[in-house]
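Novice: Residue strings, one per chain:
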Amino acid sequence: MSETVIPYMVKPNPVTGIPNGKFAIWLFLASEVMLFGALFSSYVLLRTGAPHWPPEGGLSSEILNVPLATINTMVLITSSITMVLSWASCKLGDLRKFRMWMASTIALSFVFLVIKYFEYHHKFELGHYPSHDNFYAIYFTLTGLHGIHIIGGIIVNTFLLTIGTRMWKTDPEHFTNRVENAGLYWHFVDLVWIFLFPALYLL
Amino acid sequence: MSVEQQPHGTPNAPAIGPETGHAHGELAHAGPDHGHHELPFWKKYIFSVDHKVIGIQYAVTALLFLFFGFTLMMMMRWQLAYPGRPMPFFGRFFSDNVMPGGVMAPEFYNQLGAMHGTIMVFLGVVPLAVGGFGNFVMPLQIGAPDMAFPRLNLLSYWVFVPGGIIMLASFAMPGGAAQSGWTSYPPLSVIASSGQTAWLFGMIFLITSSLLGSINFIVTIVQMRAKGMTFFRLPFFVHAQLVTSFLLLLAFPPLEAAGILQLMDRLAGTSFFLPTGLVVSGEALKVAGGGSPLLWQHLFWFLAHPEVYVLILPAIGIVAEVIANNTRKPLWGYRLLVYSIIFLGFMSFVVWAHHMFMTGMGTTMSTFFQTTTMIISVPSVIVVTCFLMSLYGGNIRFTVPMLFATAFLPMFAIGGLTGLPLGLTASDIYLHDTFYVIGHFHYVVAPGTLFALFAGIYYWYPKATGRMMNSTLGKIHFWWSFVSINFVFMPMFFQGMAGLSRRLYDPTVYAHGRGVQPLNVVISWAAWSLGLAQIPFIINFFMSLKNGARIAENPWNATTLEWMAPSPPGHGNFLTEPIVYREPYEYSVPGAKQDFSPQFVAEA
Chain A
56 MSETVIPYMV KPNPVTGIPN GKFAIWLFLA SEVMLFGALF SSYVLLRTGA
106 PHWPPEGGLS SEILNVPLAT INTMVLITSS ITMVLSWASC KLGDLRKFRM
156 WMASTIALSF VFLVIKYFEY HHKFELGHYP SHDNFYAIYF TLTGLHGIHI
206 IGGIIVNTFL LTIGTRMWKT DPEHFTNRVE NAGLYWHFVD LVWIFLFPAL
256 YLL
Chain B
89 MSVEQQPHGT PNAPAIGPET GHAHGELAHA GPDHGHHELP FWKKYIFSVD
139 HKVIGIQYAV TALLFLFFGF TLMMMMRWQL AYPGRPMPFF GRFFSDNVMP
189 GGVMAPEFYN QLGAMHGTIM VFLGVVPLAV GGFGNFVMPL QIGAPDMAFP
239 RLNLLSYWVF VPGGIIMLAS FAMPGGAAQS GWTSYPPLSV IASSGQTAWL
289 FGMIFLITSS LLGSINFIVT IVQMRAKGMT FFRLPFFVHA QLVTSFLLLL
339 AFPPLEAAGI LQLMDRLAGT SFFLPTGLVV SGEALKVAGG GSPLLWQHLF
389 WFLAHPEVYV LILPAIGIVA EVIANNTRKP LWGYRLLVYS IIFLGFMSFV
439 VWAHHMFMTG MGTTMSTFFQ TTTMIISVPS VIVVTCFLMS LYGGNIRFTV
489 PMLFATAFLP MFAIGGLTGL PLGLTASDIY LHDTFYVIGH FHYVVAPGTL
539 FALFAGIYYW YPKATGRMMN STLGKIHFWW SFVSINFVFM PMFFQGMAGL
589 SRRLYDPTVY AHGRGVQPLN VVISWAAWSL GLAQIPFIIN FFMSLKNGAR
639 IAENPWNATT LEWMAPSPPG HGNFLTEPIV YREPYEYSVP GAKQDFSPQF
689 VAEA
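Going down the list, the sequences are from chains A and B.
Following this note's numbering, the numbering of the first sequence begins with 56 at its first residue and continues without gaps.
Following this note's numbering, the numbering of the second sequence begins with 89 at its first residue and continues without gaps.
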């Protein structure tokens, strides 16, 4: 569509040391930090303003399923490792291994979502919807938004695993950069969960 | 000789008219096998990836929204000047729901107020200043062939458009558009009619669009500058866009978070912003409670204060370009200006709660935010002072852009200085939420920012179209607008000091309102006069497309890179690779052949 050559799409800019895409993804992550930062701050403000937390009494760790969340934490951390391995395989020029590791990443993301589904389902069975009280409201909003980010990651990674792989033949370096950028995003999504888990389940 | 008739070519670039301007430079080609082929209409003008087309799309859309937002206000001004009287002529076009018997219903008045603010800020000024000028001018000024991510750029415009359509369509929702003010304070906004939900969805689109745009801007400015374009050779406009983009990038997400929370409150029945024991129309609201309306205010103003600088920084950038060009001398204190706006950008994140002195957040908080507010006024004063010093001793050409840019200075100064009493709690407690506040921030954004944007339109129109705008019509537009707009906003200070509240449907219900009611009549007639004053501009804008004097690359004898490209620039922008030899505003260099030494000319 465009005939214009955009410099530093693949090769790093000598001044900044990174190509455009990587720079953009870091900026995007900065804005994501502000998004989740604002939500975490809202959580802190609501919690400190409440006479009791959770408002219905008891402890967060008793209301939410800590063992399942622990498993989910391990699942996400593992998926971050497989993500790095898929990028490393690209760097080593091994597309077969890339496919294997990327497929594992996507599979682990689905495992995370399935476990999350069981957690949500259990809450709904008890009649605990977001409107129940602010504890559930913040729980569903934060984990829900995080879940949407997981789904976004699955879409990007599935693209890279399927149609996106075509670029490997024409421009392997560009493709590798794309995998790296998707990885940066994925690690961020992972990191958000690392904060969410203790903040919501344990504290 | 008037400037309009000077088709000055630049010394080492062949003068190329607009017809041949679409030729491609070698730099712009993807490869030798890519011939020059015409794109189909929809790819060239509708879904274009060219930053210039997208910039013009943004600018034209934004101008339409500005005019629409202004029309809403002109309608409100009837109710304010003649409360309860049926609106002549125009009243008959509205249904009885909103204007029974031609008299504006209070709910409709609230909708107009909320949507005026929303449209002017998010659909008018920001898309024009950042989406329009930023997209069109910035890549040209840094010598880039396009934005770093052309398709992302296309996407950001086409995410902005549905946001605007949702906002407009919300007038047709049951209960009408949002009516809780552009600030959407809960709990009222949470229990308001469905127009508020549309507002929130619209905002999420607009926020996403700004986010994509700002990432694109920052990457482009940092990564894609031409050879020799160092940080301190960037035109000031580019610096302003860079700081603006950072503000958009980091300040908008908290509003997105707030929007998500308010949507949850409205759709999922949560009570993030609803306190315990809220009673609405005599009935206790059936929600869990425990939320905090103040939380919304913090999240909202965390965006909305930096947003003020998003509105003003590109305007300052435009004024800098126009002043340097028309005083024919270097911008005074260029580096100081750059440092000032970077500092301004940082500080704008720590002043937000000065909008909230009346919320009872405590004296410690108030003291902190008063202090930061006083600090942030320093760089703003430095900016205005640098511009004044730039005028001093200059050989000023009063072209139309220069008229607007010169008027910007006192207007912005009035807006800024009248803000000081609002930044101090003692005086703010009295002035808070009165017409004084309206007068203050409109002086900043209307005769301030909007005048600067008009300066930008007159200044870069020749670059975008290859033709000059008519300067007589431009001068009529300027003087008529300048006089009218001061009659609109100056009386508001007096109304505010008399204690008139800003959100009153009928100011005459209070005795102190009746005292300043004659001023409301003056303001309204001035506002309608201001509306008429835009007619010469609209005529000029369209007529000049056909009848304007043709120009070559550099009609203003300017120094920055955009004037090296053909007018209008073709796809890929430059015919030869731009190389930057000097700082941006080298006017009247001693010993030079002419009074301007462009950045792109090796020896001048």
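Bear in mind the hints are in silico, worked out from the structure with no lab data behind them.
Don't take each hint at face value.
[As the list claims (entries may be wrong)] Within a straight-line C-alpha distance of at most 25 Å, the following computed DMTMM-like cross-link-like pairs (lysine to aspartate or glutamate) qualify:
id	chain 1	residue 1	chain 2	residue 2
1	B	374	A	111
2	B	374	A	180
3	A	66	B	665
4	A	171	A	111
5	B	315	B	594
Novice: Each of the hints needs a verdict: does it hold here or not?
Specialist: Right, here's what the structure says about each hint:
1. B:374 / A:111: Given that 25 Å is the threshold and the Cα spacing comes to 17 Å, the pair holds.
2. B:374 / A:180: 22 Å, holds
3. A:66 / B:665: Answer holds: residue 66 (chain A) to residue 665 (chain B) is near 19 Å, not above 25 Å.
4. A:171 / A:111: 23 Å, holds
5. B:315 / B:594: 61 Å, violated
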